[in-house]
Amino acid sequence: MIIPSPSTDTKPYWQAAAQGALMLRYCEACATWRHPRHTHCTCGNPLTWRQSSGKGALLSFTVVHYGLNPELAEQVPYTITLTRCAEGPQILTAMPGDHKTLRCGMAMTVSFDRVTPTVTLPRFQPAPA
Amino acid sequence: MSQAAAIIGVGESDYSWASGKTEIDMALNAIRLAIADAGLAASDIDGLMRFSFDNVPQSNVAEALGITEVRLALDSASGASSAVTLLAAAASAIAMGQAEAIVCYRSFNGRSMLRLGHMPIPPRNEEGNVLAEGASPFGGEFTGPYGMAAPSCAFGLWAQAYMQRHGISEDKMIRALGTIVTRQRDYATRNPNALMRDKPMDFDGYLKSPMLATPLRKADLCLESDGACAFVVVGKKYAQRAKTRPVYIWDTDQCLSPNYSNFFFDFTELPPRIGIGMMDRLLCRHKVRHADINVLGIYDASSSSVLYDLENLGFCGHGEAVERIADPGIAINTSGGLLAEVYLQGMNLVIELVRQLRGQAVNQVKNARFGALSVGGAQAVALLSHEVCS
Ligand SMILES: [Zn+2]
Numbered sequence: 000m001i002i003p004s005p006s007t008d009t010k011p012y013w014q015a016a017a018q019g020a021l022m023l024r025y026c027e028a029c030a031t032w033r034h035p036r037h038t039h040c041t042c043g044n045p046l047t048w049r050q051s052s053g054k055g056a057l058l059s060f061t062v063v064h065y066g067l068n069p070e071l072a073e074q075v076p077y078t079i080t081l082t083r084c085a086e087g088p089q090i091l092t093a094m095p096g097d098h099k100t101l102r103c104g105m106a107m108t109v110s111f112d113r114v115t116p117t118v119t120l121p122r123f124q125p126a127p128a
Numbered sequence: 000m001s002q003a004a005a006i007i008g009v010g011e012s013d014y015s016w017a018s019g020k021t022e023i024d025m026a027l028n029a030i031r032l033a034i035a036d037a038g039l040a041a042s043d044i045d046g047l048m049r050f051s052f053d054n055v056p057q058s059n060v061a062e063a064l065g066i067t068e069v070r071l072a073l074d075s076a077s078g079a080s081s082a083v084t085l086l087a088a089a090a091s092a093i094a095m096g097q098a099e100a101i102v103c104y105r106s107f108n109g110r111s112m113l114r115l116g117h118m119p120i121p122p123r124n125e126e127g128n129v130l131a132e133g134a135s136p137f138g139g140e141f142t143g144p145y146g147m148a149a150p151s152c153a154f155g156l157w158a159q160a161y162m163q164r165h166g167i168s169e170d171k172m173i174r175a176l177g178t179i180v181t182r183q184r185d186y187a188t189r190n191p192n193a194l195m196r197d198k199p200m201d202f203d204g205y206l207k208s209p210m211l212a213t214p215l216r217k218a219d220l221c222l223e224s225d226g227a228c229a230f231v232v233v234g235k236k237y238a239q240r241a242k243t244r245p246v247y248i249w250d251t252d253q254c255l256s257p258n259y260s261n262f263f264f265d266f267t268e269l270p271p272r273i274g275i276g277m278m279d280r281l282l283c284r285h286k287v288r289h290a291d292i293n294v295l296g297i298y299d300a301s302s303s304s305v306l307y308d309l310e311n312l313g314f315c316g317h318g319e320a321v322e323r324i325a326d327p328g329i330a331i332n333t334s335g336g337l338l339a340e341v342y343l344q345g346m347n348l349v350i351e352l353v354r355q356l357r358g359q360a361v362n363q364v365k366n367a368r369f370g371a372l373s374v375g376g377a378q379a380v381a382l383l384s385h386e387v388c389s
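First to last, the protein sequences are chains W and X. Just so you know, we're using numbering that gives the first Met the number 0 here: the first sequence kicks off at 0 and counts up by one. Just so you know, we're using numbering that gives the first Met the number 0 here: the second sequence kicks off at 0 and counts up by one.
These are computed hints drawn from the structure, not numbers from a lab. Think of the CB as a built atom: it goes at the ideal place given N, C-alpha and C, for glycine as much as any other residue. Just so you know, not all the hints are guaranteed correct.
As the list claims (entries may be wrong) - Partner residues are not named here, just some residues of chain W that face chain X (Cβ under 7 Å, in silico): (1) ILE1; (2) ILE2; (3) SER59; (4) VAL63; (5) LEU81; (6) ALA85; (7) GLN89; (8) LEU91; (9) THR108.
Said to hold, decoys possible - Mimicking PhoX-like on lysine-lysine, the simulated pairs with C-alpha atoms at most 25 Å apart in a straight line are: (10) LYS99/W <-> LYS286/X; (11) LYS99/W <-> LYS217/X; (12) LYS171/X <-> LYS99/W.
Could you put together the complete structure from these sequences and hints?
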């Protein structure tokens, strides 16, 4: 399994995921949301962590059928999705299996997949109708 | 932009799947051929430029060639746009009198050493898991755990959004992509140094290529390959007495996007609209029209890049390239490109444009007068001609 190896800066993101929360970065000065990898706003202010609604819209997706390395060869097919959170930042996740019926623009919602006792991956999937 | 800078020499190593050679050995091979093609001696070379991520330092090249004084050694940090950055930097340096004969090179064992299309597996931890770390768009902590392992996955995301935005059916998209792939594979059959020279592909063959990341097949993705390219840029003095027909660097322009290198999927519009208006402005500066360009090199990391670049560069409207590609009225990637010749990150496209504008290409475009290059997903463009810039 391929698991995230957080840095000091990104550890809170994965700790929050294990608690069932999707955290994004936020600039108090600009009232702007940013992707979790950033530590500072372009205005120069340090970013804080703030919880996302966990809702968004599907920007695009692709179904991967070919194992790009031996580890992933055991996981194909899987569907990579790119979701624009309601707050703005774009989060990439994936769903196991072939979901070719997804449609760009559809409502998505986050869930949390505990893949090992210590690692939880946020995953976006279509919001229930 | 200098009006006098010209490419007067080009050189390539053998292209292969497993060179069995070091990258410096391949680089020196290509560089020596380029210097000989230019009719110069190694001692005439006073500038050396390369991609920042090339493993062959200028100092080692200079030492091996016996160049004791290098006036200018530069690295391009613009990633996939570097082929144009090197043209721009070399032409500017020539115009400023910083050097008189500059070798630009790229050497890469991109199959036998580092395969960019396949996320390398780092060491496992004690539980047997692979640790994905860092902010890389491919295999980093926010991407690797989700199987986002190579640019092909990003290109799949872009293509799916492109189809939906413009209401393009899957059939129509596949037809357009297949047209690009089969055409370049056909070009490659006549190019003795192309890696796919013995592997023509018809549309049925294209459909049989395994699906990689929908809607893109393996045949839609560029090669992973070994080889080296080099070319020599000079000013008026050497251009006038070159033994080949000089190919002048009329102009270049660049609009590097940090998103392109850092986080492929931060673009809010997919595929990203990069370089809109850049080609129009460049052509306008020289009173050249799109229709005057006879041959085009497009950085075809994926066949789909050809569609997006045609649109972003103004050769057709957004969403129209799937139709236009059937009869684009312009020859594209006539060596086979990155899909079928070799993956040397656009440097091989420069060499092919030089051959075309000299009238020496294997798939020669009749009376080719203007060639244009677009690299890095339309982040950087160049205009070349065998005529002196007026
Ligand atoms: Zn701010």
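We went through each hint and held it up to the structure:
1. ILE1: Holds: closest Cβ of chain X sits about 5 Å from ILE1/W, inside 7 Å.
2. ILE2: 5 Å, holds
3. SER59: 4 Å, holds
4. VAL63: Holds, because the Cβ-Cβ distance from VAL63/W to chain X comes to roughly 5 Å (cut-off 7 Å).
5. LEU81: Hint holds; LEU81/W Cβ to chain X Cβ min 5 Å, cut 7 Å.
6. ALA85: Not OK, violated: ALA85/W not within 7 Å of chain X, min 14 Å.
7. GLN89: 6 Å, holds
8. LEU91: Holds. Min distance 5 Å.
9. THR108: 17 Å, violated
10. LYS99/W <-> LYS286/X: Since the Cα atoms of LYS99/W and LYS286/X sit roughly 47 Å apart, the hinted pair is violated (cutoff 25 Å).
11. LYS99/W <-> LYS217/X: 18 Å, holds
12. LYS171/X <-> LYS99/W: 17 Å, holds
Checked against the numbered hints given earlier, the structure breaks hints 6, 9, 10 and satisfies all the rest.
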